[in-house]
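Chemist: Chain residues, written in single-letter form:
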Amino acid sequence: MSASWKQIFFQMLLLLVSCRHINTKTSVPTPAPLPPLPTEVRSGIHNGENQTEKVQLTKPVNLVLECTWTGNQNKLPNVTGHWRKDGVEIEDSLLTVPLENDKYNLKREFRIVSKEDLRNYSCVFGNEAKIDFILAGPQMGEVRDKPIVSYVGDSVVILCKLNETEPRPMSWNWYRANGTDKELIVVDTDSHRYKIKVEKKEKEEKAKLVVHNLTQADSGLYYCEADYGINTTMGHVELKVITLWEPLKPFIAIVVEVIILVAAILLYEKSQSRSKDSAAGDGTSADQTNTLTQGENNGPEESSSMRQRKV
Amino acid sequence: MCHVTRRQIKQQGETLVINFAETIGAAKALSERNMSPAPADELGYKPLDGGWGWMVVVGAHISIGFAYSTPKALSIFFKEIQEELGASYSEIAWISSIMLAAMYAGGPVSSALVNRFGSRPIVILGGLMCWASMVTASFGTSIIYIYFFIGVIGGCGLALNLNASLTIISKYFLAKRPLANGLAMAGSPVFLCFLAPLNQYLLDKFGWRGSLLILGGLMLNCCVAGALMRPVNTPCKPISGATQKMVEEQPNNSITKLKGSCVKNSKKFLDLTFFKDRGFIIYLIGNMMFIFGAYAPIVFLPAYAIDQGVEDYAAAYLLSIMGFVDMFIRPGTGLVANSKWIRPRIQYFFSFAMIFNGTCHLVCPLLKSHALLVAYAVFFGIGFGMVFALIFECLMDLMGNERFPSAVGLVTIIECFPMLLGPPTAGLLVDIYGDYKYLFFMCGSVIVAGGLFLFVMNICNYHMLEKEKTAKDREQHQENQENQENRDQVSISEAAQQGPRLENTETPN
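If you're matching them up, the sequences are chains V and W in order. Residue 311 is where the first sequence ends in UniProt numbering, and the numbering goes up by one at each step. Residue 509 is where the second sequence ends in UniProt numbering, and the numbering goes up by one at each step.
Chain V on its own, in the form it takes in the complex (with noise of 0.2 Å):
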């Protein structure tokens, strides 16, 4: 027994020592490995005017920017040459740019992964050229500027569509406003009120929102957002839900107003008719009104077709 013991004991501090010697590996920050980034380059040419290059991106990219210059009247063999981002220098990028082949050539790689990095970069030559290079990711495409109305106990369908153009995005989220802020819509599978569904049809990109049962406290505003991890972009719908009684009110209006005007109308039918059989004086049958929905109708019907009778 004291043989087990003893191992135990022997275990438990072996688990010690190579913890702590975990401990201290992890102490020591290391750089993480970075992801391996696809390459992609732009190119700007400077010829007396100032350049501005719009570049789209679709996913985080290792973005090389050529700058070339052909120069001034008086070419110098040697020009200053330093980078911006949104008009602020960068740090360490000032370089002394020789005279190649009768142009001045600059060279930065930048490595876009995020929302910060999709900037305006610039390159600038001494400082007369510039050539500016407007970063941009993926844009949302058509969405709905109208609000949706639904009804109380309805099932409603939110639509965010992206351009042709644009990729698939990593992933598609909801978020309902929420006074300022923005909630995240969890798709619950016990409530089944809410279900996303993301489809590609004709080439367009769609993400759908159904809301089932809806109440009336579902109006507001949902944002849809597709990531795509340099960037996300986002679409609002407006979703207004109105109960039963809002349409019928002016429904119901105009049924009385149509049964007004029937009514008016044949009553007038009738005294005119009256009038013309007691200035008459025979009962010639005037009025053969076979109205199948006034009731009122059909007492002075039976007695015109008892006159009908006796004629």
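By construction, these hints were calculated from the structure, which means they are not laboratory data. No experiment lies behind these values; they were computed from the predicted model shown. Among these hints, one or two may not hold up.
What the hints assert, rightly or not - Below, in silico cross-link-like pairs of lysine-lysine (DSS-like), each with a Cα-Cα straight-line distance of 30 Å or less:
#1 W/K79 - V/K146
#2 W/K205 - V/K208
#3 W/K205 - V/K249
#4 W/K205 - V/K182
#5 W/K72 - V/K201
#6 V/K276 - W/K176
#7 V/K161 - W/K79
#8 W/K79 - V/K240
#9 V/K197 - W/K79
#10 V/K276 - W/K46
#11 W/K205 - V/K206
#12 V/K195 - W/K205
#13 V/K249 - W/K72
#14 V/K146 - W/K72
#15 V/K249 - W/K79
#16 W/K79 - V/K195
#17 V/K270 - W/K176
#18 V/K197 - W/K205
#19 W/K205 - V/K240
#20 V/K195 - V/K59
#21 V/K208 - W/K79
#22 V/K201 - W/K79
#23 V/K270 - W/K46
#24 V/K206 - W/K79
#25 V/K203 - W/K79
#26 W/K72 - V/K240
#27 V/K59 - V/K200
For this one, chain V is given, so just place chain W on it according to the hints.
Modeler: Relative to chain V, chain W alone:
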């Protein structure tokens, strides 16, 4: 020799002048003494031509307005319904087609009902059917449900409305009938102009379900229109003894009350004897050709305009311009057709209107700029309005009051086919050739051919009718002569029997 020649020349000259005058007279008689086979005596009474008749025109205006504009105005809801029910674009477009087809195909049933019960109950029934169809459709959960309720039931309700409204106009008007027809048919563009923005507003406020509910309520106003259509007392033609007995034996049949004190023979469901009438066949063929080419340009005009470089909203405005022009042209055409120069030649005026419409379409592919397309829309509106103002007036003119309800039912059910085939055929042409101009050429040429056909065949028809009429008159004259001879002979023999005294007073014929 000279004076003989002079006399001969004078004689020849005189005969020439006489012949010339005769020809002119004959031609004039041919052109004047043709149309309107239904003078007041055929109707048996003198139509009101005013008074309460104008209220009836208002009722018909509302009724026809809903009938023609609802299938078009519903298309505003299609996108919403498509998104919610998950249907494809072509599935949704079927709703309008089914509704139009039901409206036209329901013609014969509507005719039979109108003949039996009169216009007022049928329009009220039509209004109730449309109301019920829209209200039930607003609770729809599948596209088939909507096909049935809006398409079939709604379409049938509209068919009842259309037929009955046209019939009541023919009963109230004779001298001012073209004007009344023009005013009533103007309901279609007026209601379309009014319903389209209203539908958009309702859609934004209540969604498509609430909008259908309210639209159903609006269609209940057809019942108001029906209430305005006071039945006309037609004094009877002498009825046969059998039918008179039938009336006496069934005194409790007050529900199936008929106009005046008449018992009309229940018309056959589909009266095929119309096909023996030459005028009817000519009208039918010309009309079918018109309907085949009439609707496709409307459907494809915005797309063509966008193709020519016009902006989206400006292209949509072209149709509004056309509708707006149409609104004023229809009563205007009615007024013109009512004038004493045109009224006798109304069938020729109708064919002229068709040829004008067709020519507009033929010219359209040459028009590339926005301003020219606006001009095209204006002329299209003029041509379209003219034809539609006259389309039923001409049928009334041909058929007369008695046969018009059945005739119009037959015409609408036969017109169903070119109406449904026209736009898809035109669309097929666009798909095959990739160019809109062939569509306009096809539609324009078919309509122009229809107009020319009507014009030429009507001349022949009236010529033949004249010949038949003179032949009949001659026979009638001969018969009268024979009868007169017989009567005189009888009286002579009577006189001979009575004695010699009377011989002197009788003059043999």
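Chemist: Among the hints numbered above, which are violated by the structure, and what are their numbers in rising order?
Modeler: none
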